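Residue numbers (this note's numbering), protein chains in the order written: chain A, 1 to 290; chain B, 291 to 669.
Just so you know, these hints were derived from the structure itself, not from any lab. It cannot be assumed that every hint is accurate.
What the hints assert, rightly or not - Straight-line alpha carbon distances no greater than 35 Å define the calculated DSBU-like cross-link-like pairs of lysine-lysine that follow: (1) B:Lys586 with B:Lys447; (2) B:Lys513 with B:Lys534; (3) B:Lys447 with B:Lys513; (4) A:Lys97 with A:Lys154; (5) B:Lys513 with A:Lys15; (6) A:Lys97 with B:Lys513; (7) B:Lys327 with B:Lys586; (8) A:Lys97 with A:Lys15; (9) A:Lys247 with A:Lys154; (10) B:Lys586 with A:Lys15; (11) A:Lys154 with A:Lys15; (12) A:Lys222 with B:Lys327; (13) B:Lys447 with A:Lys222; (14) A:Lys222 with B:Lys618; (15) A:Lys15 with B:Lys534; (16) A:Lys15 with A:Lys222.
Stated by the list, open to error - Partner residues are not named here, just some residues of chain B that face chain A (Cβ under 8 Å, in silico): (17) Gly326; (18) Lys327; (19) Phe357; (20) Gly475; (21) Arg476; (22) Lys618; (23) Ile619; (24) Arg620; (25) Asn621.
Unchecked claim - The following residues of chain B were derived to be distant from chain A, with all beta-carbon distances above 10 Å: (26) Arg588; (27) Leu601; (28) Arg630.
What you are looking at is a predicted structure, and each value in this text was computed from that prediction instead of being measured. The C-beta atom is built at its ideal place from N, Cα and C for all residues, glycine as well.
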Amino acid sequence: MLEGVDGVIHLAATKGGDLYDQFGGTVIATENLLAAMREAGVPRIVVTSSFAIYEYLHRWSWGCLDEDSPLVCNPESRDEYCQTKLLQEQLVRAAAKENGWRCAVLRPGVIFGRDNLWNGRVGMQIAPRWWVRTGTFAPLPLTYVENCAEAIVKAAEFEGEQREIVLNVVDDETPSQRAYLNELRRHMPKRPRIIPIPWTAMRALARTASLVNSVFFRGTAKVPGLFVPARLHARCKPMRYPNTRIKETLGWEPRYTWREGIVRAMADTAGGESAHPNSSAVGVKPQNAP
Amino acid sequence: MSLLVGHSEHSSSSHTVATPSVLPIEQPRTAVIGGGKISEQHLRALRAIEGVQLTGICDLSPALAQFTAERFGVAAWYTDYRAMLETGDVDVVHVLTPPATHNRIVRDCLENGHHVIVEKPIALSNAGFRDLWEVAASKGLRLVENHNYRFNEPVQKLESAVAAGAIGAVEEVEARMVLNIREGGRYADENLPHPSHQLPAGVIHEFISHLTYLLLHFLPEDKRDHMDCVRAAWRNHGGGGLFKYDDLDARLMAGAVHGRIRFSCRQWPDSLAITVRGTDGMGSAELFHPSVSLVKRRAGGQHLTPLVNSLANAAMLTRSGFGSVWGKIRNRTPYEGLNRYLRLTYNAFQSGGEPIVGFMDMDRTTGLIDELLAPENQI
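The following block holds chain B by itself, in its conformation from the complex:
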C-alpha cells in the first residue's frame, strides 16, 4: 500500500498552497483567545517582541481573563471572543483554546479579517485544516500552526549537523515523547476529565503534532510527500475508561528512510527526543533536558573514532548537566523554542514575508496524523 501525505494534486494547486502575500504590519495589534497554561508562554514571548501591542485577552472565565490581562499588561479583557474581534483593534489572533474548538474559533477570526496563530493541532483532520486554509487564502490572511519544538536550541543544533552532512545521508528518524501523565495531574483526573480525552487519538492527540512535525522535519525533503507502510499501534496499556490510548508505536517508510513515532504515558523519565541515524553516524536531541549528542566519523580514523566520540559525548553530558542546572536557575523551560518561533513569525508579519511554518508543514503534519489514525493502518 502506498499512501501519500501532502496530496500532490492539492499541493500543486498554487492558489491554495501559496501563502497569501500580505502587507507588512509594522506594529501588530495582537489578541489572545484562551487564558490557560500555554497562553502564559505566548504572552511572555510576545512581550519580548518589539512592536507587538497586546490589545486583548479572552477567556470564558472572567477571573482568568482579568488576571491574565493584569499580569501581562494586556489592554483589555473579554469573555466573548466575538466581541473582542469586533473592536477593530486586532490584527493577529492567537487561538489557544482546546483543540476541539479550533475550527469554529479560527474560522470566525479569519472571517473577521484577522491573521491567526493557532496552537497544535490546528485541526482534527487534514480536511479540516485545508478548509481553514481556504478561508485564510480567500481573505488574504496568514494562518500558522505552532510548531514550537522545531525551534528549540537542541533541535536547531541537530538540524545544522544533519544539514552539514555530519551523519551522512539520513536513513532513519525517530521522534519519541514520554510524559508520565497517567500518575496524576490534569489528564488523570477521573472526576473532571480533560477535554482532550474526547479527541480522535484521546490525550495523545494533544501531543502527536509535535512528534509528527519533528519527524517530518528531519526526513529528507524529497521524501516527505511519499510515505508508505504507515502502521500505528495505538494502545491503552493502563486500561480504564478515561484514557482512550496511552501508548503509540508507529512506523513508516519514506522511500528508503525509516520513520518511527513513539509516545508513552507510562515510562519515566519524561522526555522529548529526536534521533536521526545516517550512513555516517547518528545524532540525537533531547528537549526536556536539553542536550545534543553526535556520533560521527572523526579525523582519527577508525581506531580513534570511538574514543573521540566517547570523549565528545562525555563533554556533552557534562555541559548539558551544568546547563540543566543553570537552565533551572534561569527559569528556562522547554518552551524556549516558542520564543524563537513567535519572533520569526512576527518578523514575517512585520516584513510581509513568508511565515516560518507554511502550508506544506501543516498539510503534511495533519495528513500524517490522519494516516496514523486511519483504521486500515492500525495494528
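This is chain A alone, in the form it adopts within the complex:
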C-alpha cells in the first residue's frame, strides 16, 4: 500500500472508548503503520501529537507552554487519550531515529472546526441550553482546522537541516474561555445559559476530592475527571501558548482568526447557510430532537 509513497501524514487516533479501544486505534495502529513504512522504505513522516502530552499539574499558572516544556510526569494520573498519544509520539520518534527518516511532530492545541466547536477546556454541556464554564480568563490554545491543515502540509514539505522537528500548532490569538464561549453563544438563535465556575473553586474542589480519596480510599476511588487534579489542570489551567517556533521553522501564518474560524465552521459547505449551532456544530442535540 505504501509502495512509491514519499511520505506519510499520520493523523489517525481514537479519541473515544476505554484505554484498550484507544490503545488499539492509536498505538497499535501506529505500530502497524510504522512497520508498513519500514517495509516500503518510506523516508518521511508527519505525525499529529497533542497538547495533551504536556505536564500541567506541576507547572505555574500563567507559565509559558512551548515545545521545550516538560512532558507529562505521571501519564496514569491523566486520561487514556494522554497516555496513548504520548506512546504514539514516542513510537514515531523512535522509529524515525532508528530508520533515519525525516520526522515532523506537530502538537496542535485545540483544533476546532465543523462539528467540533466544543472542547473540554471550556467546560461541560450539561443540557442543550445549559453550559458550565470551568474557568474564565484562561487562554485557549486554539487552532482552526484549516490553519492546522496548512501547518501539516508545510511540515510535510519541510526540507530544513533538522531531521526531526517538534512544533506546537497554535493560532496567533488565544481567546479566553469566556470570550470563546460568548462568541459561540452569539451565533446561536437560542442562547444557552452559562454557569461559570471559577478556576480557583474548581482547583479547590479537585484538591479536596483528591485528599478525601487519598485519606479514606487510599487513592482507589473513581471520581469524575474534573475532580482529579492532574486532569483538571490539563484542561483548565491558565497558561500562555507562544507560536514563535512553528512560524520561524515553517514560515506558517494562520490564515483565519478564531472568530472567522467559528463563522466558517458554522457555515454550510453547499451554500453558506448556517448550520444549526445548537445541534451537531457544538455536539449538542436540540431539545426536541428524536
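Position chain B against the provided structure of chain A, taking the given hints into account.
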C-alpha cells in the same frame, strides 16, 4: 428428540473426566498471553493473590506488551508466546486471546507442560474442548475455563437462597444478557471488524458461555445431563453484513425444568440477569447493577406475604441503588467475580486440590452451546 449434554459415555470414562492430581505449587509463576482489556482484569486480580509471581506477558504488539508489563509489574514481556513458554519460568499460563486462537495456544501451553486458565469460550466446540482436555489429562495438567460470573456476589447470594430452599424446587431458569453493542464501539466498527464476527455464533459467541454456564449452574444437578427440546432462534434483527446474529432466544427442557437463554444487542439498559422460579417463590440476580431480589413465602401467611415481599424488595432496591453509587465510587465492576474465581482457582493450584471449575462444568457448557448451534435445533 432427546439430546444429551455432557455425554455420559464420555463422562463415565474416569481417566478423562477426573481432574489430574497435581503437586501443589506454593508460589505459582504466572504468565499471560494477550494484553487486551480482559488481561487488565486478570492482572489486577492476580496481583492481589498471595504467592503469585507475574513472570511474563505476551502480546503481538510490543507497545502493548511493554505497557502492560510496566503497568502491572510483570517481570518480562514478549511478542512470541512460544519464546515466553520456553524460558522455564512459567507454571501457569492465562490464555486471554481471541477465541479462535485458543485451540492452538492452549495446546502449545499444555504440550510445554504448563497449567492453563483460559478465557471463555475455551473452545469453539465440545469436541475441541475434549481434545484439549485429553492433552491436559495426559500431561497431568490443569485446564480451567473462566466462569467468572458464577462468582459474582449477587449470583452467590441467589445460589445460597436456592440451595437453602427459599424458593422451593426449581422449575424454571432464565439467563438473560443485554448488551447494546450495535450502537457503537469495537463490535460495531465496519472498518475494522472485530474478530468475533467470524465465530460460529458471530459476536454472541463471545458471551454465550456466560449465559450457558449460569443457566446450567442453576438447573438441578441431576437434570443437567439430560436435556431435550433444545430450540434456538438465532436472528439478525438489525440486518447488515457485519453481525451474523444480534439476538438469541433459546429454550430447553431439563426433565420438568424449563430453561431459557436470551441475548439481545438492541435493547436498553445493559443487563446480565439470572432468574430462577421455583415451587415456592422466585429469585433474581442482576450483575451489571448488582442486586438480588427474592419473592418467597413469608412467615405472615398468605395475606401478609405480598406485603412483606414488597417491603423486602423495596429495601433491596434502596440498598442496591446506594450500593451502585458506592460501587461506582469504589471502582467496582462486574468483574468482581473474576477476583473470587481466580483466588479459588489459585488456592487449588497452591493446595493441589480440585479447581473450582471442573471438567463437567466445561463439558456441559461447550456441549450445550453445540446443541444451541446445531442446525436441527434452530428455529
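Evaluation of the provided hints:
Between the alpha carbons of Lys586 (chain B) and Lys447 (chain B) the distance comes to roughly 15 Å, so the proposed pair stays at or under 35 Å and holds. Between Lys513 (chain B) and Lys534 (chain B) the alpha-carbon distance is near 32 Å, which keeps this suggested pair within the 35 Å criterion. At roughly 22 Å between alpha-carbon atoms, Lys447 (chain B) and Lys513 (chain B) fall within 35 Å of each other, so this suggested pair holds. Simply put, Lys97 (chain A) and Lys154 (chain A) have alpha-carbon atoms about 21 Å apart, close enough for the 35 Å limit, and the pair holds.
Note on Lys513 (chain B) and Lys15 (chain A): the hinted pairing is violated, with a Cα-Cα distance of about 49 Å set against a maximum of 35 Å. With a C-alpha separation of about 65 Å, the suggested pair Lys97 (chain A) and Lys513 (chain B) falls outside the 35 Å cut-off, and the hint is violated. A distance of roughly 40 Å separates the Cα atoms of Lys327 (chain B) and Lys586 (chain B); the hinted pair therefore is violated under the 35 Å criterion. This hinted pair checks out: Lys97 (chain A) and Lys15 (chain A) have alpha carbons roughly 27 Å apart, not beyond 35 Å.
The suggested pairing of Lys247 (chain A) with Lys154 (chain A) holds, with an alpha-carbon distance near 11 Å, which does not exceed 35 Å. Proximity of Lys586 (chain B) to Lys15 (chain A) is assessed by CA-CA distance (about 49 Å); at most 35 Å being required, the pair is judged violated. Annotation: proposed proximity of Lys154 (chain A) to Lys15 (chain A) holds, straight-line Cα distance about 25 Å (limit 35 Å). Simply put, Lys222 (chain A) and Lys327 (chain B) have alpha-carbon atoms about 18 Å apart, close enough for the 35 Å limit, and the pair holds.
Distance hint between Lys447 (chain B) and Lys222 (chain A) is fulfilled; the C-alpha atoms sit about 26 Å from each other, no more than 35 Å. A hinted pair counts as satisfied when its Cα atoms are at most 35 Å apart, and Lys222 (chain A) with Lys618 (chain B) qualifies at roughly 7 Å. Our distance criterion of 35 Å between C-alpha atoms is met by Lys15 (chain A) and Lys534 (chain B), whose separation comes to about 28 Å. As the CA atoms of Lys15 (chain A) and Lys222 (chain A) are separated by approximately 20 Å, the hinted pair is consistent with the 35 Å bound.
With a cut of 8 Å, the hint placing Gly326 (chain B) at the interface with chain A holds, because the nearest CB-to-CB distance is about 6 Å. With its C-beta approaching chain A no nearer than about 4 Å, Lys327 (chain B) sits inside the 8 Å limit, and its interface hint holds. Satisfaction of the interface hint for Phe357 (chain B) is found here, the shortest Cβ-Cβ separation to chain A being roughly 7 Å, below the 8 Å cut-off. Hint status for Gly475 (chain B) relative to chain A: holds, with the closest Cβ pair at about 7 Å, below 8 Å.
Because the beta carbon of Arg476 (chain B) sits about 6 Å from the nearest beta carbon in chain A, less than 8 Å, this interface hint is met. Among the interface hints, the one on Lys618 (chain B) holds; its C-beta lies about 6 Å from the nearest C-beta in chain A, closer than the 8 Å criterion. About 5 Å separates the beta-carbon of Ile619 (chain B) from the nearest beta-carbon of chain A, less than 8 Å, and the hint is met. Evaluation of the Arg620 (chain B) hint against chain A yields a held restraint, the C-beta minimum of about 6 Å falling below 8 Å.
The restraint placing Asn621 (chain B) at the interface with chain A holds, with a minimum CB-CB distance near 4 Å, inside the 8 Å limit. No beta-carbon of chain A is positioned within 10 Å of the beta-carbon of Arg588 (chain B); the least distance is around 38 Å. Distance check for Leu601 (chain B) against chain A: the nearest CB is about 32 Å away, which clears 10 Å, and the non-interface claim stands. The claim that Arg630 (chain B) lies off the interface holds: its Cβ sits roughly 18 Å from the closest Cβ of chain A, which is beyond the 10 Å cut-off.
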